[in-house]
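Trainee: Residue numbers (numbering that gives the first Met the number 0), protein chains in the order written: chain A, 0 to 133; chain B, 0 to 491.
By construction, these hints were calculated from the structure, which means they are not laboratory data. You may find that some hints are simply not true.
If you anchor each label on the Cβ, the simulated ranges turn out as follows [as the list claims (entries may be wrong)]: (1) B:30 x A:52: 47 to 55 angstroms; (2) A:48 x B:471: 28 to 36 angstroms; (3) B:44 x A:10: 30 to 38 angstroms; (4) A:2 x B:226: 33 to 41 angstroms; (5) A:102 x B:403: 35 to 43 angstroms; (6) B:201 x A:2: 41 to 49 angstroms; (7) A:81 x B:280: 51 to 59 angstroms; (8) B:201 x A:1: 24 to 32 angstroms; (9) A:48 x B:226: 24 to 32 angstroms; (10) A:27 x B:100: 52 to 60 angstroms; (11) B:7 x A:48: 36 to 44 angstroms; (12) A:84 x B:100: 50 to 58 angstroms; (13) B:488 x A:10: 38 to 46 angstroms.
From the structure, some residues in chain B lie toward chain A, with a derived Cβ separation under 7 angstroms [claimed, not checked]: (14) 155; (15) 158; (16) 173; (17) 176; (18) 184; (19) 410; (20) 411; (21) 414.
Beta carbons are placed, not taken as given, at the ideal position from N, Cα and C, and that holds for glycine.
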Amino acid sequence: MPALDVVIAHFNHWITVVLMVAGLYVVVARGNMVKKLVGLGVFQTSVYLLYISPGKIFGGTAPIIDPRFTVYSNPLPHVLILTAIVVGVATLALGLALVVRINEAYGSIEEDEIFGKPDEDGDGGGESSGVGSR
Amino acid sequence: MTAHLPALQVVVPLVAALLCALLRRSALAWGLTLAASWATAAMAALLLLRVLAEGTISYHIGSWEPPWGIEYRIDVLNGLVLLLVAAVGAAIAPYARRSVAAEIAEEKQVWFYTMYLLCLTGLLGIVITGDAFNVFVFMEISSLATYVLIALGRDRRALLSAYQYLIMGTIGATFYVIGIGFLYTMTGTLNIADMAARIGEVQSTRTVLAGTAFLTVGICLKLALFPLHVWLPNAYAYAPSVATAFLAATATKVAIYLLIRIYFSIFGAAFAFEALPITEVFVVLSLAAILGASTVAAFQRNVKRMLAYSSVGQIGYITLGIGLASQLGLTGGIVHIVNHALMKGALFLAMGAVAYRIGSVRLDDMAGIGRRMPLTMASFVVAGLSLIGSPGTVGFVSKWYLALAALERGWWWLVAAILLGSVIALVYIGRVVEAAYFRAPAAAAATATEAPLSLLVPTWVLTAACVWFGIDTELTVGIAARAAAFLLGAGP
Numbered sequence: 000m001p002a003l004d005v006v007i008a009h010f011n012h013w014i015t016v017v018l019m020v021a022g023l024y025v026v027v028a029r030g031n032m033v034k035k036l037v038g039l040g041v042f043q044t045s046v047y048l049l050y051i052s053p054g055k056i057f058g059g060t061a062p063i064i065d066p067r068f069t070v071y072s073n074p075l076p077h078v079l080i081l082t083a084i085v086v087g088v089a090t091l092a093l094g095l096a097l098v099v100r101i102n103e104a105y106g107s108i109e110e111d112e113i114f115g116k117p118d119e120d121g122d123g124g125g126e127s128s129g130v131g132s133r
Numbered sequence: 000m001t002a003h004l005p006a007l008q009v010v011v012p013l014v015a016a017l018l019c020a021l022l023r024r025s026a027l028a029w030g031l032t033l034a035a036s037w038a039t040a041a042m043a044a045l046l047l048l049r050v051l052a053e054g055t056i057s058y059h060i061g062s063w064e065p066p067w068g069i070e071y072r073i074d075v076l077n078g079l080v081l082l083l084v085a086a087v088g089a090a091i092a093p094y095a096r097r098s099v100a101a102e103i104a105e106e107k108q109v110w111f112y113t114m115y116l117l118c119l120t121g122l123l124g125i126v127i128t129g130d131a132f133n134v135f136v137f138m139e140i141s142s143l144a145t146y147v148l149i150a151l152g153r154d155r156r157a158l159l160s161a162y163q164y165l166i167m168g169t170i171g172a173t174f175y176v177i178g179i180g181f182l183y184t185m186t187g188t189l190n191i192a193d194m195a196a197r198i199g200e201v202q203s204t205r206t207v208l209a210g211t212a213f214l215t216v217g218i219c220l221k222l223a224l225f226p227l228h229v230w231l232p233n234a235y236a237y238a239p240s241v242a243t244a245f246l247a248a249t250a251t252k253v254a255i256y257l258l259i260r261i262y263f264s265i266f267g268a269a270f271a272f273e274a275l276p277i278t279e280v281f282v283v284l285s286l287a288a289i290l291g292a293s294t295v296a297a298f299q300r301n302v303k304r305m306l307a308y309s310s311v312g313q314i315g316y317i318t319l320g321i322g323l324a325s326q327l328g329l330t331g332g333i334v335h336i337v338n339h340a341l342m343k344g345a346l347f348l349a350m351g352a353v354a355y356r357i358g359s360v361r362l363d364d365m366a367g368i369g370r371r372m373p374l375t376m377a378s379f380v381v382a383g384l385s386l387i388g389s390p391g392t393v394g395f396v397s398k399w400y401l402a403l404a405a406l407e408r409g410w411w412w413l414v415a416a417i418l419l420g421s422v423i424a425l426v427y428i429g430r431v432v433e434a435a436y437f438r439a440p441a442a443a444a445a446t447a448t449e450a451p452l453s454l455l456v457p458t459w460v461l462t463a464a465c466v467w468f469g470i471d472t473e474l475t476v477g478i479a480a481r482a483a484a485f486l487l488g489a490g491p
């Protein structure tokens, strides 16, 4: 069953792709602002996996220099992703803070309800801005 | 000391931002912002002079040799963009005091200055660094600060705009990381120069092609290339005036710089534009931006939104230059990065002065404002003429080079489209001029007086620069041409 072998050999990539697409789909398809942020979080998490999994080398040890070992896993992706995780946390925190403020200002966090009644001065900001997030 | 200028360029605004947050007094925070942004501009000028005299500067952070350590690498192209970002930041800083005091609650002003400096740090960092992942870190520093700056706007729709920009900006930045991740797995390096040296062998693999696609889409989201621009008009319309002027002049320009860097420095013009259909994609999308977004601008009633749509159109001119990928086209694109920053900065500052006096930038409220605020509106007219591209202003210079680049390929229809874009700009700028000068004063405008000097001087500095660099093109076009030659692999 060569097809199954391909699937199993690239198991990590399949998970990455599923998470990536699922996260992005939630961001696009959901109107609830908190759910959108959850989707964004899943989307970003898939990238962590994308970076970390090629760093693992079969038979490699932790990258600590010792005469008994010659093959080490690559530590750089971990360092990069540590940074990316911090960025992800900051983005999520800021996004949730904005949602709290939006809830205070509009009394709702559902995009349908907020864009359903645009502000009265007729700039068109409320309505057309809805397009961007669909 | 001068040996460490590249590091200080980023460290000074970063430390000043932290100090601002600790000061808790808005007047002190503003003073510090002013000092830091002027120091940053002076350092950027020194760096550019050194690059012009001695060639590329390579600075190793913490003395770690590249490609292991992070390298700051300054050549003609990013020297110019660095100076542009720092100089616009320095020109806007004196303006900020009064405008911010009028538009933002007292207890939040300190946070405005903190975010302003953090945003400046991030933008300078993206430009100066020679490490692809470091770019992402700085991109997020500047983006997160930008979301807060936009959310500080008075209107409650500022919150929605900030949220939408946060979603789209994060998708863009994540696409960028995915793209860099693909390139990293294929080349094993993150240093841009090192990546460029190693990418030749793996250039045509599917992984690199997918990475190129992710990088292109991600960065185009950030630079608001049509049709990925939808976050921009609301973000610019509802952000505080100072933030709008600063972001319009710098943020998208830095993203464009990044795109140029990746196409020309990593992949090289031969691969990006001959093996891939990037010219076709960019010319079509740029034309859609120049004609489509400009037309939408002509129907806006809020002048800040109008100028925001006009920004999408003007970005089209820059990406057009990149898409043409010839010496002339690239020169036109790079010089338009500078020119558009100058004129959009001046236009948004003039609108900030109007908002300061009458509390609105809607066309109906601005009727008759030209007689009440003659200096402010004169600046709007001059910068507006530049946007249209009338001779004697910077707008003419960049469009001239773009038209020459189109002719070089024999694309007459493209020249016609560039001119048509100018005509549409004439329509929307004309609408503002008509309202401001030829209509009976509206209630809001009737009692307005001229804006204070601290708002007028920065506005006129940028406006004067629009005229100065429209006549004396030695500096801008000279450096842009050198940068274009450098990128195409011909020059030093």
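Trainee: If a hint holds in the structure, say so; if it does not, say that too.
Mentor: Hints and how they fare:
1. B:30 x A:52: 47 to 55 angstroms: 50 angstroms, holds
2. A:48 x B:471: 28 to 36 angstroms: 54 angstroms, violated
3. B:44 x A:10: 30 to 38 angstroms: Cβ of residue 44 of chain B to Cβ of residue 10 of chain A: about 54 angstroms, so the range 30 to 38 angstroms is violated.
4. A:2 x B:226: 33 to 41 angstroms: 38 angstroms, holds
5. A:102 x B:403: 35 to 43 angstroms: 54 angstroms, violated
6. B:201 x A:2: 41 to 49 angstroms: For residue 201 of chain B and residue 2 of chain A the Cβ distance comes to about 26 angstroms; the hint is violated.
7. A:81 x B:280: 51 to 59 angstroms: The hinted range 51 to 59 angstroms is violated for residue 81 of chain A and residue 280 of chain B, with Cβ atoms some 35 angstroms apart.
8. B:201 x A:1: 24 to 32 angstroms: 25 angstroms, holds
9. A:48 x B:226: 24 to 32 angstroms: Distance hint for residue 48 of chain A, residue 226 of chain B holds at roughly 30 angstroms.
10. A:27 x B:100: 52 to 60 angstroms: 40 angstroms, violated
11. B:7 x A:48: 36 to 44 angstroms: 37 angstroms, holds
12. A:84 x B:100: 50 to 58 angstroms: Violated, at about 38 angstroms.
13. B:488 x A:10: 38 to 46 angstroms: 42 angstroms, holds
14. 155: At about 4 angstroms, which falls below the 7 angstroms cut-off, the nearest Cβ of chain A leaves the hint on residue 155 of chain B intact, so it holds.
15. 158: At 5 angstroms from the nearest chain A Cβ, residue 158 of chain B passes the 7 angstroms test, so the hint holds.
16. 173: 6 angstroms, holds
17. 176: 5 angstroms, holds
18. 184: 5 angstroms, holds
19. 410: 32 angstroms, violated
20. 411: 34 angstroms, violated
21. 414: Result: violated, 32 angstroms to nearest chain A Cβ.
Violated hints, listed in ascending order, are 2, 3, 5, 6, 7, 10, 12, 19, 20, 21; each of the other numbered hints is respected by the structure.
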